[in-house]
Amino acid sequence: MKRMAENSIEKASNLELDWGRIGEKWRKKWAENNIFESELEPNKKKYFLTVAYPYPNSPQHVGHGRTYSLADVHARYKRMKNYNVLFPMGFHYTGTPIVSMSQRILSNDKELIDTFQQIYKIPNNVISSFKDPKKIARFFHEEIKQGMNEMGYSIDWRREFTTIDNGYSKFISWQFRNLREKGLIVQGSHPVGWCPRDQNPVSQHDTLGDIEPELIEYVLVKFKYEEQYVIPTATLRPETILGVTNLWINPDIKYVIASVNNEKWIITREAARKLEFLNFSVSIISEIYGSDLVGKLALDQFRKKHVPIYPASFVDPNNGTGIVMSVPAHSPYDYQALDDLKKDVNTSRKYDIIIDIVPIKLIHTDLFHSDESSPAESIITRYSIRDQNDPKLEEATNKLYSEEFHNGILLPDIDIVGNLSVLEARKMIREKIIKEDIGTIMYELKNQVKCRCGASCVVKILTNQWFINYGDEKWKKLAYELLDRMEILPEEIRQEFRNVIDWLKERACARKTGLGTKLPWDNEWIIESLADSVIYMAYYPLSKYIINDESQKTEDRIFADDLNDDFFDYVFLGKKEPNVVSKNSKISKQFLEKIRNEFLYFYPVDSRHSGRDLVPNHLAFFIFNHAAIFDKDKWPKQIVVNGSVLMQGKKMSKSLGNIIPLRHAIEEYGADSIRLTMLASAEILQDSDFSFDLVKGIRSKLYEIYRTIGAHMSIFSKNQNSLEQNELEDIWISNRIQHFILETTAAIEKFRIREALHNILYLMDSDLQWYQKRKSAKNKSMQNNLLNDFFEVRIKLLSPFAPFFCEEIWEMMGNHSFISLSQWPEVNNSKIYPKSEDNERLIQDIILDIQKITKVTKIVPKKIMIYTASQVKTILYKKLLEKIQRQSITNFGIMMKEFVNDSEVKDFVKRSPDLVKKMIDDILSESIEVRERRLQLDSFNETIPLQDSISLLISETGNDQLKVSIYSEDNNDKYDPKQKSKFARPFKPAIYIE
RNA sequence: GCGGGAGUCGCCCAGCAUGGUCAACGGCGUAAGACUGAGGCUCUUAUCCCUUAGGGGUUCGUGGGUUCAAAUCCCACCUCCCGCACCA
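All residue numbers for the first sequence refer to our numbering, where the first residue is 911 and numbers rise by one.
For the record, the hints were derived by calculation from the structure and aren't laboratory data.
Keep in mind that a hint or two might mislead.
[Stated by the list, open to error] In silico lysine-lysine, DSSO-like type, Cα no more than 30 Å apart, as pairs:
| hint | residue 1 | residue 2 |
| --- | --- | --- |
| 1 | Lys1542 | Lys955 |
| 2 | Lys956 | Lys1706 |
| 3 | Lys1428 | Lys1485 |
| 4 | Lys1828 | Lys1793 |
| 5 | Lys1134 | Lys1342 |
| 6 | Lys1055 | Lys1706 |
| 7 | Lys938 | Lys991 |
| 8 | Lys1683 | Lys1789 |
| 9 | Lys1542 | Lys1387 |
| 10 | Lys1898 | Lys1772 |
| 11 | Lys1504 | Lys1485 |
| 12 | Lys1611 | Lys1496 |
| 13 | Lys1873 | Lys1890 |
| 14 | Lys1828 | Lys1890 |
| 15 | Lys1428 | Lys1360 |
| 16 | Lys1499 | Lys1486 |
| 17 | Lys939 | Lys956 |
| 18 | Lys1611 | Lys1561 |
| 19 | Lys935 | Lys1827 |
| 20 | Lys1215 | Lys1253 |
| 21 | Lys1454 | Lys1485 |
| 22 | Lys1415 | Lys1542 |
| 23 | Lys1816 | Lys1827 |
| 24 | Lys1898 | Lys1884 |
| 25 | Lys1055 | Lys1020 |
| 26 | Lys1496 | Lys1463 |
| 27 | Lys1031 | Lys935 |
| 28 | Lys1485 | Lys1496 |
| 29 | Lys1683 | Lys1741 |
| 30 | Lys1215 | Lys1164 |
| 31 | Lys1384 | Lys1544 |
| 32 | Lys1428 | Lys1055 |
| 33 | Lys1789 | Lys1772 |
| 34 | Lys1485 | Lys1544 |
Turn these sequences into a full structure, and let the hints guide you.
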């Protein structure tokens, strides 16, 4: 019952302002009038702004909305600033996730089908069509587009495209041939995490549990066994080869003898398989038990020395080759295993071995001196480790490795690498053993990673992989130059861009699977998604002229198949003669020139919006590729970066179940409130914390604005009350309007959106309240023309942020045009009255002071005497201000010295030095702006605002019999029984209350 | 390891770029009052400590420094978070 009652209250207020209805109403009107479509207008400044296009593999959630909303605010703002704004949108079909989704549908993956049915509410017949990846992309494409419209984004949809359209592919082919001609595409080998079943590289989002595959690089040290065999041992610390005392083998497992690159290696079967992926040529010859090798000798080829092979249970067949070298002085595992073995008489008797190993110390650090027992022994004692199965051994190992890695120095008497740091020694030994073929490199996954398909992943060396060489020094220089010329908002993130440009090197640019464009010179490969999305902004000015279906061909449309490199060279770079291009492409010269002109008009990009997660990849590539391909006058002008969206303080994720689909949120609360919440809850680079409590708060704020303006209009529209004589508060509110235009515009220019909204939603309100307080104390109506200006400005300032709401109010205010197309408010200098700030400030201060006094004394005021400062104090105040502002003198002593000789003020200064001190403090505690303002003031008669405030004092004290008297301190007839007047200071009148 | 960022009044969070308007915005919580049949709604007020005249004291991770003046600038330290590649 109660719940119903609540709902009916909600509904009642909803009736007043039906967000769904006004959204639909204005979307329709905007679309009918095509107001967001932009064409070349030679006499109008253009503004071309783009956002990273979405990847349509799911519906958008509120997190996606932030970047787009911000860009839309930008577009709407610039439009009102009289720019011919182009704000287009495309859809990024390129890549593998959509393809693998379709495969999961094909294999009836329950989890995915559940998601589609339960969460996205997609009908079954549509889901079954998802066996075709393009159907998935198209479905979410339309879904996202609908959401963007419902959010009120002012997009020119005629330019929409997908990245697998024929025309786009032609364009990407051109881009890649262009890069290749410049020598920026190279071919090479590279180790990657790999799914053997999918035959494809894997990274974090391809794995079960989203685990990032971590690659480690082992050095395989090749020991010889019986002349013809090789026993390779994997190590991360090749420098410790000098301290090897023995090898460890697991006696309980089967090993294989395999031909590896024409040598006979003894390794585990697992290792043989891993080596195959690393492009070793491997074939298994026979099997051998670990125990067969125990007690035998292996030759360390580096020191030409034989070491025994001992058994150890800690040797993991899945790790490395399944045989490891033992360095008991520096490896706690090795030390402990030896110790265990010594005690294990049964085993040594079984294999007939005698353990008489002496650890060989190689490295010393501050924590582990060379004159003590070996570091491994010390740390084992310290951790009180029992045996080789003790879990603390792992921690001890990490601790020692890290200490030696950072602070270790090789002992002076060690061959070749004596006195070198561990890092230097490692590098040297590594190179040497590889050069002499005593060792080689092996990659392995540090962690057990499974592909989404369930298969265990391995490391694979991809050969003939195509890379974009971002490491090219000349190219880097150009990228830096582009960055330096560009505006980065917020500026704090510029350094991050520098760092990224600095460390980018070769990056793979093609894959074997997924949607996208084929590499033009090698059809095996498909251009990767982060490579085909870097200069596509250039495609927007032409996309509406290109069609992919020949049957739709008309005079002013180009069939995609007719596009060739000459076309793009001409349109984008001005290369080639239009006559020649026309002949080779079936496109008329006239039409070519039209398109070229349109490109020249709109390009370069004036602003690129994106989330900050794209800084280290997309945005950096965007910079690089523009630098490589386009002339400097076509380089982008600005990047705007924003933080992500949290849901009630937590990252949005499927597992937390806190992903809110954008369209649901719109349906529930209306687009305007959602937009404002995303934009107002954090400054641009911060993560914004989204919650429905906040949305409700914002929405009720909008209701309040709606009601206030509604109430105002119902009175104002009847009598069009134009003030004949402006009173103090009228002048003030007029000044405040100018102030807000100035401040809010400046905030938007710098993308301090939170600040701008704070002005519009909250600060304007508190001014409005003050104005109302002043008017009602005087028993006057505030429904006048000034208040009308106030609301008009407020709604205009708000309109880029809450477009539907503002259009509705704009109409309610009697306008028949679109606020979206109206002019941004301009500051009117003739309406700026600095003095009005001091007037109202004085009134607010006097009320505050009276409140403080009555609070402490608990007097109920019947009479209030206010004493304004004497003439001489006013003169002195101005002199002090001048000293502080013009000569930067703030020291009390220096001031006193100067003023005791100043005939105008010396008597007062000598008599009341404490008041001088107070006046200096008064000035110093004002902001620079206030000080300058007061310095500019030719005169300020405090009596005028004080007199004007009497009505307010009466209403504030709640005593309508209150008597207020205002005296000058200089007035000899004043009533001043407690001698308060002498405390008066400029802008700080003295008060006496009875 | 490399790079980036953060620590603010019970909690969340603004301010720091351009030092003074800062005992420090706003929200939550808490307390009192108004409204109401009653409220979990809404509104008003208070919310670091002391104070019978508008005042004083101590605060912005820790410790120093610069300055007439520091949450804000500089140095050192402590703690926490994020990104690091073949993926959108």
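Hint consistency between Lys1496 and Lys1463 [alpha-carbon to alpha-carbon, up to 30 Å]
holds, 12 Å
Would you check the hint for Lys1485 and Lys1496, treating anything up to 30 Å between C-alpha atoms as holding?
Given pair Lys1485, Lys1496 holds - Cα atoms ~18 Å apart, limit 30 Å.
Given pair status - Lys1890, Lys1828, alpha carbons within 30 Å:
holds, 16 Å
Given the proposed pairing of Lys939 with Lys956, does the C-alpha separation stay at or below 30 Å?
Status holds; Cα separation ~24 Å.
Given the hinted pair Lys1611 and Lys1561, is their Cα-Cα distance within 30 Å?
Holds, at roughly 27 Å.
Does Lys1504 pair with Lys1485 here, judged by a C-alpha cut-off of 30 Å?
holds, 15 Å
Is the Cα-Cα distance between Lys1055 and Lys1706 30 Å or less?
This hinted pair holds, its Cα atoms lying about 27 Å apart.
Taken at face value, is the distance from the CA of Lys1789 to the CA of Lys1683 at most 30 Å?
violated, 35 Å
Would you mind confirming whether the straight-line C-alpha gap from Lys1683 to Lys1741 stays at or under 30 Å?
holds, 22 Å
Going straight from one Cα to the other, do Lys1428 and Lys1485 come out at no more than 30 Å?
Holds, at roughly 25 Å.
Checking one constraint from the list: CA of Lys1055 to CA of Lys1020, max 30 Å. Satisfied?
Cα-Cα ~28 Å, so holds.
Given the hint that Lys1215 pairs with Lys1253, test it: the Cα-Cα distance must not exceed 30 Å.
At roughly 26 Å apart (the allowed maximum being 30 Å), Lys1253 and Lys1215 satisfy the hint.
Comparing the model with each numbered hint stated earlier shows that hints 8, 12, 19, 33 do not hold.
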